[in-house]
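A.B. asks: The chain contents come next:
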Amino acid sequence: MERTQLRRQVALTRQSLFDQGFLDEQFIQLEDLQDDANPNFVEEVVTLYYRDSARLITNIEKALEKNSLDFNKLDGFMHQFKGSSSSIGAKKVKAECTLFREYCRAGNGEGCTRTFQQIKKEYATLKRKLEAYFQVVRQAGPAETACWPK
Amino acid sequence: MATSNGSSTGTKITALVVDDDRVINAIHCKLLNKLGIENHVAANGKEAVDLHCSGKKFDLILMDRDMPIMNGIEATRELRAMGVRSIIVGVSTRSIKQEIQEFMDSGLDDYQEKPLTSSKVISILHKINFVD
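First to last, the sequence lines map onto chains A and B.
Quick note, the numbering used here runs 93 ahead of the 1-based positions in the first sequence.
Quick note, the numbering used here runs 38 ahead of the 1-based positions in the second sequence.
No lab work stands behind these hints: they were computed from the structure.
All C-beta atoms, glycine included, are put in the ideal place defined by N, C-alpha and C.
Take the hints with a grain of salt, since some may be wrong.
Pulled from the structure, derived: some chain B residues nowhere near chain A, Cβ distances all over 10 Å [to be verified]:
(1) Arg60
(2) Glu76
(3) Asn82
(4) Glu85
(5) Ser92
(6) Lys94
(7) Gly121
(8) Gln139
(9) Ser161
(10) Leu163
DSS-like, lysine-lysine: derived pairs with alpha carbons at most 25 Å apart [said to hold, decoys possible]:
(11) A:Lys166 to B:Lys135
(12) A:Lys213 to A:Lys159
(13) B:Lys165 to B:Lys94
(14) A:Lys185 to A:Lys214
(15) B:Lys94 to A:Lys166
(16) A:Lys220 to A:Lys155
One chain only, chain B, in its complex shape (with noise of 0.2 Å):
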């Protein structure tokens, strides 16, 4: 699968949190705060892959599969074809196979179902090799 850009500056962690709910993005983001990642939020699809159309780059991408205006699936899609190569996991509260298998099909690494908690993040991060 894809394999992370690595962060531009030094050795911190960069993620990007897509998602509409606001409360999630604050406890992902405060989460990741707390593993020592730096973090942005998008409130949508589209939201990422303007970030990215931009220039900025993330290690990880914490992509909802459902949003509106663009969602995950979609976002993810596009975030692939335009070469993005960091870490992309989907989460989601959907837990029917062939939906996550949809979602795993648009280009993820991973996916974990959410709320995220501490010991899932940690799970990702030494999936991904960024921790011993």
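Pulled out of the complex, with its shape left as it was, chain A reads as follows (with noise of 0.2 Å):
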């Protein structure tokens, strides 16, 4: 009983990050490649994201501090950080990303600035969200197939 009712929440947890417009269809596709082979795929590719992105968020952070913005600098490690982001199904975090890129475009450093506090908070948010997704996962413990409603 107390499985099925994990497994009830799970459903339920996953079906909100959909909903509130935190992950996309690429999230599915990734859950679609997990397998007996590799029964925590999903989490694997969102441990990593987010242990290699850091290294991006900083690097923009960085550059951000300088006096003269090198634009084309900054639209190259978010260029960078978007296709990451796009890879996992993050959808909040992309759109911020797409508009950090037209501030760059642009040559507005206050609108780039600004854009990538909140890309921060999303990033944080979702990361927040997703390890207490996969925690209820790693309760309920496996499914015998995942058949996710698409």
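From the two separate chains plus the hints, produce the assembled complex.
C.D. replies: Okay, structure coming up:
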């Protein structure tokens, strides 16, 4: 009984991540890749994303601290970060990255700085939500066959 | 355009994933793995070129455009100049026609927006007649 309730909680938590716009269909692509050979594939990829993207966040932060902003460099960093964020389905993070790049192209330093704060906020929020989600997934135990509603 | 070398042992397709983003590499490798494709990874264009210089061959190369040390355009040109006839598919998030064309002109057989999905990879394999 408890396992059923946990699995229901997993499904509800997962659905809310999509309904609230935190994740897009790319996350479902990751889920589809998960199998018996790699039963924790999604969590592993998300963990890798947060580990590797921390360096990019630091690079962008340092670049934004300079007196004279190098918008090409900033755009380059953000192009990388956006690509990585897209690959895990981080919808809100990706949207803010797009906005940041628009400010880069317009040479708008204030816009870049403001948007970057929003990116960090969305990035941290998603991390928290995904950590909570994966915790419930682990508690619920392995599903017989992952058959998520699309 | 270029034709495939074909794998040297048996019928298993071999692929090289060239991308500096480890998240993308993990996803693309898993995708290829699920389709029964044996895959290797290079973190940038130079590593891809060096692998070929050491005698390695691949049926399919998935080449990212923007990478440090040697980008995908430079690497593709280099590989073609070396006589590499593998199928090279450019993968990037860039969507501007001119940028895509510049990448295609370096010697690609195809271009796909990343991240790849199973259906995109299958369409690549169909196009190059690796599957029915």
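A.B. asks: Taking 25 Å as the top limit, are the C-alpha atoms of A:Lys185 and A:Lys214 close enough?
C.D. replies: holds (10 Å)
A.B. asks: Can we confirm that no CB of chain A comes within 10 Å of the CB of B:Ser92?
C.D. replies: holds (27 Å)
A.B. asks: For B:Asn82, is the shortest CB-to-CB distance to chain A above 10 Å, so the non-interface label stands?
C.D. replies: holds (13 Å)
A.B. asks: Any Cβ of chain A at or closer than 10 Å to B:Glu76, or is the non-interface label fine?
C.D. replies: holds (14 Å)
A.B. asks: Decide if the proposed pair is consistent with the structure: A:Lys220 and A:Lys155, CA atoms, cutoff 25 Å inclusive.
C.D. replies: holds (22 Å)
A.B. asks: Far enough from chain A: is every CB of that chain over 10 Å from the CB of B:Glu85?
C.D. replies: Answer for B:Glu85: holds, closest chain A Cβ roughly 17 Å.
A.B. asks: Would you assess whether B:Leu163, listed as outside the interface, keeps its beta-carbon beyond 10 Å of every beta-carbon in chain A?
C.D. replies: holds (17 Å)
A.B. asks: Verify this label for me: B:Gly121 is non-interface relative to chain A, using a Cβ-Cβ cutoff of 10 Å.
C.D. replies: holds (31 Å)
A.B. asks: Beyond 10 Å on every Cβ pair: is that true for B:Arg60 relative to chain A?
C.D. replies: B:Arg60 is in fact no farther than 10 Å from some Cβ atom of chain A, at 6 Å.
A.B. asks: Over 10 Å from every CB of chain A: does B:Gln139 meet that, or does the non-interface label fail?
C.D. replies: holds (19 Å)
A.B. asks: For the pair supplied as a hint, B:Lys165 and B:Lys94, confirm whether the alpha-carbon distance does not exceed 25 Å.
C.D. replies: Roughly 24 Å between the alpha carbons, so the hint for B:Lys165 and B:Lys94 holds.
A.B. asks: Are the Cα atoms of A:Lys166 and B:Lys135 separated by 25 Å or less?
C.D. replies: With a Cα-Cα distance of about 22 Å, the restraint between A:Lys166 and B:Lys135 holds, given a limit of 25 Å.
The structure does not agree with the numbered hints 1, 15 stated previously, though it agrees with the rest.
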